[in-house]
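Numbering-wise, the sequence shown is residues 1 to 117 according to full-length UniProt numbering.
These are calculated hints, taken from the structure and not from any lab test. For clarity, every value in this text was computed on a predicted model and none was experimentally measured. Glycine residues also receive a C-beta, built at the ideal position from the N, C-alpha and C atoms. There may be inaccurate statements among the hints.
[Unchecked claim] Label pairs and their calculated CB-CB ranges: (1) T28 / H49: 29 to 37 Å; (2) A57 / M101: 34 to 42 Å; (3) D95 / H11: 18 to 26 Å; (4) A57 / G18: 16 to 24 Å; (5) E79 / I99: 26 to 34 Å; (6) P7 / S82: 15 to 23 Å; (7) E42 / A92: 32 to 40 Å; (8) A15 / E77: 16 to 24 Å; (9) E79 / G39: 31 to 39 Å; (10) A15 / A56: 12 to 20 Å.
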Amino acid sequence: MATAEQPQIEHSHLAIRGLNLHVAQAGTGELKTVLFLHGFPELWYSWRHQMLAVAAAGYRAVAPDWRGYGLSDQPPEPETASYQDPQEDLLAILDVLSIPMVLAYPALNFRIFWESY
């Protein structure tokens with residue numbers, strides 16, 4: 001569902017590992033998909049301008065809210081969270097959205113994923 005503020009950005013919830021995770025998307029992806037991952041303490045909304053720009057250039061822009069952030073569900077027992085949760089959530093999101101491959105730039109708090117491979 002698009003909002004009046006950002007009509008070009010569609011919002012949905014994906015059932016991922018027992019939670020409903022919010023994902024914002026824009027563009028058709030004629031070229032490829034650009035994945036935007038927010039940091040702490042941000043939301044998908046941090047990327048809204050960049051999403052519209054890459055969508056206008058022919059890319060599909062995807063920006064999820066991590067578990068417990070924004071419009072995504074909070075885990076019922078947050079104290080059981082692990083460093084693997086974001087990685088496993090992201091891999092599941094990529095599968096559901098049929099995104100077979102990503103190129104990652106390991107900046108700031110993205111380091112957790114970089115060191116996992």
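Verification of the hints:
1. T28 / H49: 29 to 37 Å: Since the Cβ atoms of T28 and H49 sit about 19 Å apart, the hinted range of 29 to 37 Å is violated.
2. A57 / M101: 34 to 42 Å: Between A57 and M101, where Cβ atoms are some 20 Å apart, the hint is violated.
3. D95 / H11: 18 to 26 Å: holds (20 Å)
4. A57 / G18: 16 to 24 Å: violated (36 Å)
5. E79 / I99: 26 to 34 Å: holds (31 Å)
6. P7 / S82: 15 to 23 Å: Check failed, 38 Å falls outside 15 to 23 Å.
7. E42 / A92: 32 to 40 Å: violated (21 Å)
8. A15 / E77: 16 to 24 Å: Because 18 Å falls inside the window, the suggested range holds.
9. E79 / G39: 31 to 39 Å: Violated, since E79 and G39 (Cβ atoms, about 22 Å apart) do not stay within the stated range.
10. A15 / A56: 12 to 20 Å: violated (30 Å)
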